[in-house]
Amino acid sequence: MPKEILDKPFMSSQITTDDNDKPVYSPCRYECPIHTDVQRYIHLISNAKYEEAFETIRSVNPLPSTCSYICHHPCENACRRGKIDAPLAIRHLKRYAIQKATEYRKKNRLRPKQTNGKKVAIIGSGPSGLTVASDLADLGYGVTIYEKFSKLGGILALAIPTYRLPREALKEDIDDILAKGVETVLNCEVGKDISLKDLIAKYDTVVVATGLMKSRNLNIPGIDGQGVLLAIPFLIDVFSNDNREFKLGKRVVVIGGGNVAIDVARTAKRLGSDVEMVCLEAPDEMPAWSWEVDEATQEDIKINHRWAPKEIVRKDGIIEGLVVKRVTSVFDSNGRFNPEYDEHITDFISADTVIVSIGQTVDTTFLNDSPLIVDKQGKLVFNNHDYLSNHPKIFYSGEIVTGPGSAVSAIAHGHKVASSIHQRLNDSKTDLSFVEIDKIGDIPETVRNVIKARPRISISLLDTNIRKKTFIPVEIGYDDASALREAKRCRGCGGGAVVDIRKCMACMTCKRICPYDAPVVSFYSRIRQEYCQACGLCVSTCPSKAISMRGMDVESFRKDVIGLLSEKNSNIQTPPFLLYTCITQGLNPEIPQDIKVVSLDCLSRLDVLDIITPFNYAIRGVLLLPCNDDCKYHGVDYWLKMKVLHAKKILSSLSIPQDCIQIIFNNKSELSQNINDSSLNALIQRHKEGLQ
Amino acid sequence: MIVGEQKPFEEIWNMIRQYRRVLVLGCNTCVAVCHSGGEKEAHILSEVIQIKASSTDTSIEVNHMGLVRQCENEYIDDAIHNLQTYEAILSLACGVGVNFLSQKIGSIPVLPGLNTTFYGSVEEAGVFAEMCVGCGDCILHLTGGICPIARCPKSIMNGPCGGTNNGKCEIGVDTDCAWYLIIQRMKALGILHLLEEIQPPRDWSKSFHGGPRRMFVSHVMLNKREDANK
Amino acid sequence: MKVGSNLEKVILSGSPVVTVELGPPMSADATGFIKKANLLKGFCDAVNITDCQTAIVRMSSIAGSLIVMKEGLEPVMQMTCRDRNRIAIQSDLLGASALGIRNCLCIAGDHQRFSGLGRFKGHPGAKNVYDIDTCQLVGIIKRMRDDGLQQGGDRLEVAPRLFIGASWTPTAEPLDFRPINLKKKVLSGADFIQTQGIFDIDLFKQQMQTIRAMGLHEKTAILAGIIVPRSYNMLKYMATSVPGITIPEKIIHRMLKAKESAGSDKEEIKRRQEQEGLKIAMELIHQVLEIDGVRGIHLQTISWEEVVGYIIKTCGLYPRPKIHS
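Residue numbers (numbering that gives the first Met the number 0), protein chains in the order written: chain E, 0 to 691; chain R, 0 to 229; chain B, 0 to 324.
Just so you know, the hints here were simulated from the structure itself, not pulled from any lab data.
What you are looking at is a predicted structure, and each value in this text was computed from that prediction instead of being measured.
Ideal Cβ placement from N, Cα and C applies to all residues, glycine included.
Careful, some of the hints might be misleading.
Stated by the list, open to error - With a Cα cut of at most 30 Å, we get these calculated BS3-like pairs of lysine-lysine:
#1 R/K186 x E/K640
#2 E/K375 x E/K196
#3 B/K120 x B/K235
#4 R/K6 x E/K510
#5 E/K438 x E/K213
#6 E/K21 x E/K438
#7 E/K647 x R/K6
#8 B/K1 x B/K141
#9 R/K6 x B/K120
#10 R/K103 x E/K648
#11 B/K204 x E/K648
#12 B/K1 x R/K186
#13 B/K120 x R/K167
#14 R/K186 x B/K204
#15 B/K235 x R/K167
#16 B/K69 x R/K167
#17 B/K218 x B/K258
#18 B/K126 x R/K167
#19 B/K204 x R/K167
#20 R/K167 x B/K249
#21 R/K205 x B/K204
#22 R/K6 x B/K126
#23 B/K34 x B/K265
#24 E/K246 x E/K468
#25 R/K205 x B/K141
#26 B/K218 x R/K186
#27 B/K278 x B/K258
To be verified - Reference listing, derived: stretches of chain E covered by chain R, where coverage requires no fewer than 3 residues with Cβ under 8 Å from a Cβ of chain R:
#28 496-507
#29 604-618
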């Protein structure tokens, strides 16, 4: 969370840009509550740099694995690709990157560099509590988490169904945090097992992050008695206590239309019951995420919309069913939740079990024997700016003050509170909160029209028939090829070319070469960010080296080249070939040992220098393998050919044979079947032989 | 815009091989526009020199950089201390830059990496065309804006000569006959009659033939204060 | 009479004029050149001595002129603008006049690029001069001769006596500007005009019509250029590659037929083509001389001087008028 981790652009800070040329966030980053640099990690994925991709994610997110399973991904909703074909599958790619980096992660838990002697207690270990703990530990605080339950993670560990969030994923996240030296006191409920007063005495600051753990109940006839369950205790019982044998009735009715209600319904389904849902809202009004609703429907869960519970009908105390009444409207004219009913229109849903999932509320046990106060409406008292309570040593964090929301919003809030605490305890003016900058404009229609559509690569889901019976994850992740293809759909919004106006002499080269008409040239060139697709053609052609990329790493592959060519490999008798390719995944592991592979997001970013410089080392030749028909940009093949011609001309003055540089243009059929196909390697082999 | 093209590498190599520490110095104005002498080309050339050096077991330390212009004091002043750490500077500026830098740098050779060719337009991406020779006595108003001095290989003032060949020049089909263009243009402008006038021999003293030229713009000169006091 | 050269006198006499072109040798020895000059003796009124034609270094025109004068022929000294600036040119003109040379043809000169294109290396790397152009050179000579003034304004003690010629390309684009081109040379002071080789008679006739309408034929003597073609290949080359020459397809076709009629014998092929070439040249001579305003011919044999006598005789242009001063 510290700023230096958050904001590590590739772009050199040495350049001077036009005043109107302010950096902007890509929509994905802008909409992410913690402003994850999505584009950067996607770019790293497409360069097969999973560890760096993971670090990019982890730099702002203490629960990366968790989010990769359950995040509601506002990034995807904002993705500009959505206006072309479909948004990038960002969450899936995140999960892919994290999984790829699993071994690395286990070996590279981040430990705080120093301690500052200050101690903080955090009550509750949900996403926001864990975030505060992680951030403060990073900053050198001694952090202790007090957790009521026997596990860390709050709702994530207790109630989120395992088919959505496998607990191993959560464990990875928690292990990261524990590795920072965060201490935990489990099975300890503050207000009961220990009082807030005691904590205040022991710690410099206490954070209350207990979330919304108490399920609301209904007040309708028949609610009391057996057969009525509350959502959270039900889920905790199934998922925390591993009570897969939970005895539900044959026919279960779930009341509620939120995400928790969906979780409850799908869980009940998996326990073997027939499940129906009753919710006030019409389909488009439901608070649950649409994809969750879709998955529930696929699992044969019937959702009764615009009905409200009226009465639970019992016979001899045993539930026979639920009487529902018609909802005429859910929201009032001000958009506030204020349902109205027609009491005369009713229906009856037969059931033997009713699970109430109409929202959660604060469990106020922690207030016992504490200096904290509530106002006349019974609400907690706190400062809306820094979330300090009425007591100078107690902060609130997470849904307890923000109300119900997503995990990532709770993480964002945790960052905010950690920042407030750090400022307060250090009397520091340093603002550690996120840099808030504008987001990029929409893709202009002219540009949209030239971008090739390339459908989103969906991940596969478990077959619904299996799904209904099992608690293992529904989503099956990407294989390497699919992940790469999907990552390459990213348009690099806001991460594209930027002109150093001290170097630009308005030569028009960028304007002439740009396939998207992004540059506007007057006294110097300004590359319109909303037009730029970050292909990098201008960067590699600018004669005064005035153009760089804001967000794309177009430099680090050069270090890779030097690293590869400098490395001594005793197995290779003769000097190696260097292969530049943007077909990252297709080449290993069968690629011959004497071909050193450097992967780029796109060969458009290759400079003539990149073709020449390797000849400073002992190599036999440079091979270029572009993705050809698969290229997401325009004109790359042509400019690649021109660069190769240029390089050949230059090298001919050194008497280096022209055929030491070869572009491998595949015909489509050779590649289309499967980029993993060994035919590709055969092709490279053939060209290699041609060079010898 | 001044256009130049890089010298053949062999020629460059023979110039610099005797030095152990060389800076390839790009010029980021005119000659960068024609992709011959900007910082990028300087970078490429420094790489090529390195390859040549290592393949011939020659030890040369080569670096590269670019200046905004090599023909003005201030741009050079900013970098002069760095420049003076080299044994030789291979300048990719036009001849003006090489001359100017040579005057300023002290006892360090400044070597020309480019052949400065002409003042040119950018006809299209990658195509540069000579259109003016800086003769010092412009007559473009008499020739429809097309210069017979620069664009006719014989600089004929009362053209065309007998060598015009269906709109092309006798020197080759790649060269347009300037007089053909002049006539077409003046016809279109309705001023062909101007060409009936016989142009007398020119006064070449205003051109390079009159000796190296200087121009004084006194109102921006810094050493003219006594004039101001008059 | 301006200078009293034989050429001027024949022109004034009204008889059809014959000039022939002769290139000096790439040699410091003039024997062959003299031999060739003698082949022309009696068949022309003046001989053009070219000035490093196609930018190949040859014996200078001024020296060549003096040599043919010794052989009893009258030279037309050619002077290009390519190799000399106004200082050198005026200096040479004074010398030429002092040596008795009386005719001077002003031309731009082939660009030095040409010199390397053929079988010679030439000097394509030479620096050309082009201080002045043809039109200006004509004017300079006229001013020297008639006003006794150098171009710079200095007075000459004795003015040179030179009959001033200029070249003209009538049958090449831009056709409508060619008459204006001629007019400028005439107004500058051209006493006679030798044209680029004419093959397209119809086109030449049209241009002459314009010239007559402008009255230029009365202010200058136009001598129509006649090139004697020797082979199909030569015609083809001229048609495609020599600027200023337009050759109608039917003439090329005639030569092709002549070539093809000869069978496979190389000698016969050569003979038939040369015969046809002579026929073509002589037909052209008849045709140009019929055109009102054409005052004679300027014959270019391209190193085939042997046929000049035959052509002149066959065309009824022999003997050449003997004018006594």
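Structure-based check of each hint:
For a cut-off of 30 Å, the pair hint linking R/K186 to E/K640 is broken: about 43 Å separates their Cα positions. Simply put, E/K375 and E/K196 have alpha-carbon atoms about 23 Å apart, close enough for the 30 Å limit, and the pair holds. Taking the CA atoms of B/K120 and B/K235, the gap is about 23 Å. The hint holds against a cut of 30 Å. Straight-line distance between C-alpha atoms of R/K6 and E/K510 comes to about 28 Å, which keeps the hinted pair within the 30 Å bound.
A threshold of 30 Å between alpha carbons decides the hint, and for E/K438 with E/K213 the separation of about 38 Å lies outside it, so the pair is violated. Annotation: proposed proximity of E/K21 to E/K438 holds, straight-line Cα distance about 10 Å (limit 30 Å). Between E/K647 and R/K6 the alpha-carbon distance is near 16 Å, which keeps this suggested pair within the 30 Å criterion. For the hint pairing B/K1 with B/K141, the CA-to-CA distance comes to about 10 Å; that is within 30 Å, so the pair holds.
At most 30 Å may separate the alpha-carbon atoms for a hinted pair to count; R/K6 and B/K120 meet this at roughly 24 Å. A C-alpha spacing of about 34 Å is found between R/K103 and E/K648, which places the hinted pair above 30 Å, so the restraint is violated. For the suggested pair B/K204 and E/K648, the alpha carbons sit about 54 Å apart, so the restraint of at most 30 Å is broken. For the proposed pair B/K1 and R/K186, the alpha carbon gap of about 38 Å is over 30 Å, so the pair is violated.
For the hint linking B/K120 to R/K167, the alpha-carbon distance of about 24 Å falls within 30 Å, and the restraint holds. For a cut-off of 30 Å, the pair hint linking R/K186 to B/K204 stands: about 24 Å separates their Cα positions. Note on B/K235 and R/K167: the hinted pairing holds, with a Cα-Cα distance of about 19 Å set against a maximum of 30 Å. The hinted pair formed by B/K69 and R/K167 fails the criterion: a straight-line CA distance of about 42 Å is larger than 30 Å.
For the given pair, B/K218 sits about 43 Å from B/K258 by alpha-carbon distance, which is inconsistent with the 30 Å threshold. Taking the CA atoms of B/K126 and R/K167, the gap is about 21 Å. The hint holds against a cut of 30 Å. Of the supplied pair hints, the one linking B/K204 and R/K167 holds, its CA atoms being roughly 25 Å apart against a limit of 30 Å. In summary, the hint linking R/K167 to B/K249 is supported, as the alpha carbons are separated by about 25 Å, within the 30 Å threshold.
As the CA atoms of R/K205 and B/K204 are separated by approximately 44 Å, the hinted pair breaks the 30 Å bound. Straight-line distance between C-alpha atoms of R/K6 and B/K126 comes to about 21 Å, which keeps the hinted pair within the 30 Å bound. For the hint pairing B/K34 with B/K265, the CA-to-CA distance comes to about 28 Å; that is within 30 Å, so the pair holds. Between E/K246 and E/K468 the CA atoms are separated by roughly 15 Å; this keeps the pair inside 30 Å, and the hint holds.
A C-alpha spacing of about 26 Å is found between R/K205 and B/K141, which places the hinted pair at or below 30 Å, so the restraint holds. At most 30 Å may separate the alpha-carbon atoms for a hinted pair to count; B/K218 and R/K186 meet this at roughly 27 Å. Distance restraint check for B/K278 and B/K258: the Cα-Cα separation of roughly 14 Å lies within the 30 Å cut-off, and the hinted pair is therefore satisfied. Coverage of the stretch 496-507 of chain E by chain R holds in this model, with 5 residues showing a Cβ closer than 8 Å to a Cβ of that chain against a need of three.
By the rule of at least three residues with a Cβ nearer than 8 Å to a Cβ of chain R, the coverage given for the stretch 604-618 of chain E holds, with 6 such residues.
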